[in-house]
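Start from the sequences, fold in the hints, and give me the full structure.
Chains as they are written, first to last, in this note's numbering: chain A, 1 to 325; chain B, 326 to 1049; chain C, 1050 to 1529.
Check each hint, because a few of them may be wrong.
[As the list claims (entries may be wrong)] In silico DSS-like cross-links for lysine-lysine, where the CA-CA straight-line distance does not exceed 27 Å:
1. A:Lys-172 / A:Lys-190
2. A:Lys-172 / C:Lys-1410
3. B:Lys-852 / B:Lys-901
4. C:Lys-1176 / C:Lys-1291
5. A:Lys-172 / C:Lys-1283
6. B:Lys-901 / B:Lys-1038
[What the hints assert, rightly or not] Which residues of chain A face chain C? A few of them, derived with a C-beta cut under 7 Å, are:
7. Leu-13
8. Ile-15
9. Gly-18
10. Val-25
11. Leu-26
12. Ile-157
13. Ser-158
14. Phe-161
15. Ile-267
16. Ile-282
17. Ile-285
18. Ser-301
None of these hints come from the bench; they were simulated from the model. C-beta atoms are modelled at their ideal positions from N, C-alpha and C, and glycine is treated no differently.
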Amino acid sequence: MSAYILRRLLYALPILIGVNLITFVLFFVVNSPDDMARMQLGDKRVTQEAIDTWKAEHGYDKPLLYNAEAGGLGALTETIFFEKSLKLFAFDFGQSDSGRNIGYDIRQRMWPSLAIALPTLLVGLAIAISYALMILFFRATYIDFGSVVLLVAMMSISGLFYIIGGQFLIGKLFHLVPISGYDRGLEALKFLILPVVVGVVAGIGSSTRLYRTFFLEEINRDYVRTARAKGLRERAVLFRHVLRNALIPILTGVVAVLPLLFMGALIIESFFGVPGLGSYTIDAINRQDFSIVRAMVFLGSVLYIIGLIMTDISYTLVDPRVRLS
Amino acid sequence: MSDVLLHVSNLTAELGNGERPLRVCDGIDFSIRRGETLALLGESGCGKSMTALTLMRLLPLSGRIVGGSVQLDDSELLSLPEREMRGVRGGRMAMIFQEPQTSLNPVLKVGDQIAEAVRLHKPASNAQGASPPLLKRRLFSGEAEVAERVVELLRAVGIPDPARRAGEFPHQLSGGMKQRVMIAMALAGDPELLIADEPTTALDVTIQAQVLQLLKGLQAQTGMAVLLITHDLGVVAETADRLAVMYAGQIVEQASVDAFFAAPAHPYSRKLMESVPSASKRRGELAVIPGRVPPLDQPFTGCRFADRCSQVMPACREAPIAWFQPNLEQSVRCLLWAEGPARLQRASAAVGVVESSASSLRLETATAPRSATGLESEAEALDAARLDAASALSRSAAAPEGHALLATDGLEVHFPIQRGLFRSTVGHLKAVDGVDLRLQAGQTLALVGESGCGKTTVGKAILRLEPPTGGTVRYNGVDLAAIRAGQMRRYRKDLQIIFQDPFASMNPRMLVGDIVGEGLQSLGLEKGRAARRRRVAMLLEQVGIGEQAMERYPHEFSGGQRQRICIARALAVDPKLIVCDEPTSALDVSVQAQILNLLKRLQDELGLSYLFITHDISVVAYLAHEVAVMYLGRIVEQGTAAEVLDAPRHPYTQALLSAVPMMDKAERRQIIRLEGDMPSPAAPPTGCHFHPRCPQAIADCALAYPQPVQLSKTQSARCLRIEV
Amino acid sequence: MPVILITDALIFLLIAVAIAFGLYAARHEHLRGPWRQVGRSPVGVAALVVIVFYVGIGLLDSLHFHPLIEPMAPADLTDQRTDQRTDQQAPTYSTQVISVLDRWLSGLRERQEKTFSAPFAIQLFVKEAIEQPDGSLIRGYPRLEYGGAHLADPAQRDLDILLRGLFGMVKGLIAWTAVMTILIALRAWHRQQSFNDSASRIWRGETKTPWRTVLITLALMLVLSFVAAELAAKYHILGTDKVGEDVFYQSLKSIRTGLVIGTLTTLVMLPAAVILGIMAGYFGGRTDDVIQYLYTTLSSIPGVLLIAAAILMLQVYMTNHADQFQSLVERADLRLLFLCIILGVTSWTGLCRLLRGESLKLREADYVQAARSLGVRHSTAIARHILPNVLHIVMITVVLDFSGLVLAEAVLSYVNIGVDPTMNSWGNMINSARLELARDPMVWWSLAAAFVFMFTLVLAANLLADVVRDAFDPRLRGAS
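This is the structure we're talking about:
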């Protein structure tokens, strides 16, 4: 097992280098370090000296990908790409283009993100599974049919409308909770409720429908017939046999996204003014802060790969048939 | 208490909604006495399994019981409320299924799955009838007691080390073990009736023997009755007391096993029996039943077999057929018996003699009726038989020293097993580990073995569909294992393959004409489209399908027809040798007969050689000239068919042959029981691979793999215990 | 003078591909059968009718041209907003690029108010200083320039709306009757039945294709369209936005954007996904390693960030090379195309992985082995045996992806990395309306309009996707 994980981690290295290369190239195809400096320093009439100083300060005073002057291995290592990437691999995100410490910002902002994303995931999961089970229990009846129509309708509504609608209904109309904002400690709770509720409702349609197909796939299997032939009650068949098997793809799917929860929910966070990583990312995009974007891309990729590895491991835990090799 | 345990009368069930439901069982009547085994026999699509599910009231969602009655002892099952029916299921009436692989819940330990049944049904012995399940559970709540009972059940079904096995998951058990677990689960409620739906069909023949023996033993111990659903006449003959033959949703004949095998009364039963291949039928063609089982979504008026029956009379189609009783132990739904046995005898005198050969020529697609009258076809059949005999004679004379068309020496196919940080190869899965075969031109070599022994891999390695990792494959002196992939194209024309599953071996998206013509096109044998079409039409005619099939898709054909098309595809490139990889094991016995007849005829006409890979001994006996028996990647015994089948010398061959269920009592041998299952080819036992299961093993067997012992000019075996 | 924007060209290509595929499918039972099943599902055909309406509008909006400048060009004033004049152009044609739909809706397009007005309003939504006849100024809600301008007395409005609505309904029903008659006649002629016979069969629901459902949906859509058309001639039926543009017009124009994103993205990603996925699965080994590396790397980058980086890059490029674009329309069009491409880059990996898995299985299928033993070359084997047998997966993915992409556009536009801000899209409508939500009373109509139009399309697409998937994926067929 540990050999497997180690191998997967080694395999992640070339992927992360590739990710870095892609973001790097995408950005510098049109921008030069000079452009960046000019933009950060306030455009227009900036002296070349000021630009050079900025570049030296921020580590942009080397060739981008290939250093023709440096010999040997230096041709590759003494470049902006190599130096910036190397630091990323040590999780040293450095400074943002506007001079803030990215690592610090991330550490600060990931908790509010998690505080929204995790409850959203868990509550959503519980509701979707229970609902799907209920549909399964009443399969091939009008409850089944009506529920499917409802679910399809729910997933046909853009998430933006859930947010706007939720904000309007709960916040503005009933004045139950504040519309947006965030606070420290327990005070945060009242700010969390609305985004979590909206997140859960927005996700129910697609997840319940997906789980319903998982359940339906299982209920037609031979072992279910065996269970019935034993004389088990329908409820016992559903809970002990069908649910157990259908939970495998559900849980492993959840595990895959678990690490990515840190990344936060882009739209919800910025709508509700939560100072998480999602809104951080959006701000960075709007400010064209390349350092933050690159750090977030790297972080996202790392978390994605961790999610993949965790998925594989979780398979071995919940499915006795699977062994890592 | 009466003697009759289960009485089913006029049971009718339908599947699917809409205007044309499938009437999967239609007016089924039978009864089972206590302690008796009733076999429900029929080919696929006859509604046997659905009948069983109907008895358990476990039909799928779209199914429903239309009418009839099922009386278990005194209780009418069809009118029981569902809650009480649950008590019957797994309690008084238990069921095991065909596929042990999928019938167990993969994520629950087998012990837990049995325990479930134990908890539900335990006090069945002292509280007969339906008491609410809750009460039962309270009566039997001690978990220790449950665990004890689970182990006891596992021990009863012959699972070694039951306490440990109870804690394992289904995938850790072999197929045979899983079926034992299923049986243990069924026994948990001390059932009075066990419904076994094709319990051994998915198992190898030696494992089948184990399981059938187990069932018999349990039956003797507990006195339960068994409803055995099967398509295998041999299994019926060896295990059942009485049988009911099912055809198209109806029972057409009921009889005691002895009476039935002495003289089956219904034409369908007779044909079924005649179509089973055996050594004694070698000289002639097997009987076949033309056409296919009619779809069950139509209303029937007369006899459902009428369209396929060689003795059909106008009256057969007019009204439902009543039951007739030729003798005390037999009853049949056939008008031939309307006037007692006399009329039948007259009928068979008139048709019976030539009937088998005539109908065997009448192939499945009756669209182009052949002109063959009885007399002509009889002559043809005689001719064919003479030809066969003559060629067999000449072949056997030339066999041993003659020039081998195909010869493998030390053929190996090893798959690397990779583990660890850098996926280093830590071992090899030796699927094929040094196989020597000789195949003479125009002959059939049967490669016999149980699943997992590597026989299919041998076939694929010869065609380089699986790259050999060692040894040589000499075809006409050229080593196919050594030439480059590009050069192999030249030999593709000569070597062809037919696969096991006719449903998977044709691209469902292509027209039959294109499928058959594929080789002609890719090997550039017929460049022009028109010429290709002519050739394809000819080939389809040759295999008895007819050229109008060209514009149709594979799914429009039955399994047997598809296998014919596959044969036509292989024939298209004019091969010298065809690897037949279990070409009939997915087919019903009457359809199998058609394919075997066809293969035999083609061999005679075209001088083809077959490497016939199979696990079915009766097919080997009928078709093969030479036999090689394979066990765990190696050949343990080979020789002519007569030598190997009549006088097997290797203990494995002996055990294998003894396990084959036989219809004819005279042919049955004392079953040599093999313990356990075939080991994994990744870690074969030291020395002789067979020694851990061998009843004759001695200490030396574990030391080294035995060298072949030449027993005659043609027969050899690899066993230390053979003395020449 | 016709103009063909890049996305227009791709749309035509898509239609050509669709027609070619339709012809191919018609000759292959394994594709025709499931589609026939779709055609027999009431939900499926109802969804199809709705989608046909959307597609029709989208296509009309994809036929672009430079309009002739008429001697008196009243449109000039209003068009300046989207117009970028260059003087080299031939004098007879405007440099402005408009579509057939624009021409058709020119009334809606040209009747621009000053600022917000509610649906069916005849007065502005905000108070302004109004000059009274006597020269004094009072603050009040001024009458709209166009909306309800024909009414002398504002009190007549409700009655007027009712009458016009009824008139539109009658028109709609007449149109519907005409269509229905043609349909029934065609069917009767095709089936060699009498007209009455055919009609009664349809109304009793005895036809295999649920024509009754088709006709009912059609009636609904036609009546709605005619009522809307009738009313829109005199009112702003969905109000106007901040700069006074008709929201109904915006909603209709947004249809093309939504459709383009939903379909072109898939078209763009399809070749890569299909070719790479099949190659990885079929050849295995090194090829598989490289392709797997490629898609794992791409899919590990958070999609939004990749899109953001790409769009930012494009923006910078466009600012630096502003001279390369003749008009704003072309510029917006290029951005739309680029968005499709980048969305395609982020979304092909899922399909690629699916196809890899399926090809891996098919490679071992008996018929592929048989083909190999017959000496069939790899390229032929892929084209003949693998591709046709994964086509249903491709089709299911295309249909399933569509609605997701339409929804994604809205979200991306919200983050300002969607389509060009000058382009009409539901995302842009929501985005600009969001800022006005804080007003009291609320400006809700832009939002509501975007919601209704988007929801209808996505719901229809989702329902159709369900039916298509059930028809093509036999695993779940009959499960419920």
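Hint check results:
no., hint, verdict
1, A:Lys-172 / A:Lys-190, "holds, 15 Å"
2, A:Lys-172 / C:Lys-1410, "violated, 55 Å"
3, B:Lys-852 / B:Lys-901, "holds, 21 Å"
4, C:Lys-1176 / C:Lys-1291, "holds, 14 Å"
5, A:Lys-172 / C:Lys-1283, "violated, 34 Å"
6, B:Lys-901 / B:Lys-1038, "holds, 26 Å"
7, Leu-13, "violated, 11 Å"
8, Ile-15, "holds, 5 Å"
9, Gly-18, "holds, 4 Å"
10, Val-25, "violated, 10 Å"
11, Leu-26, "holds, 5 Å"
12, Ile-157, "holds, 6 Å"
13, Ser-158, "holds, 5 Å"
14, Phe-161, "holds, 6 Å"
15, Ile-267, "holds, 6 Å"
16, Ile-282, "holds, 6 Å"
17, Ile-285, "holds, 4 Å"
18, Ser-301, "holds, 4 Å"
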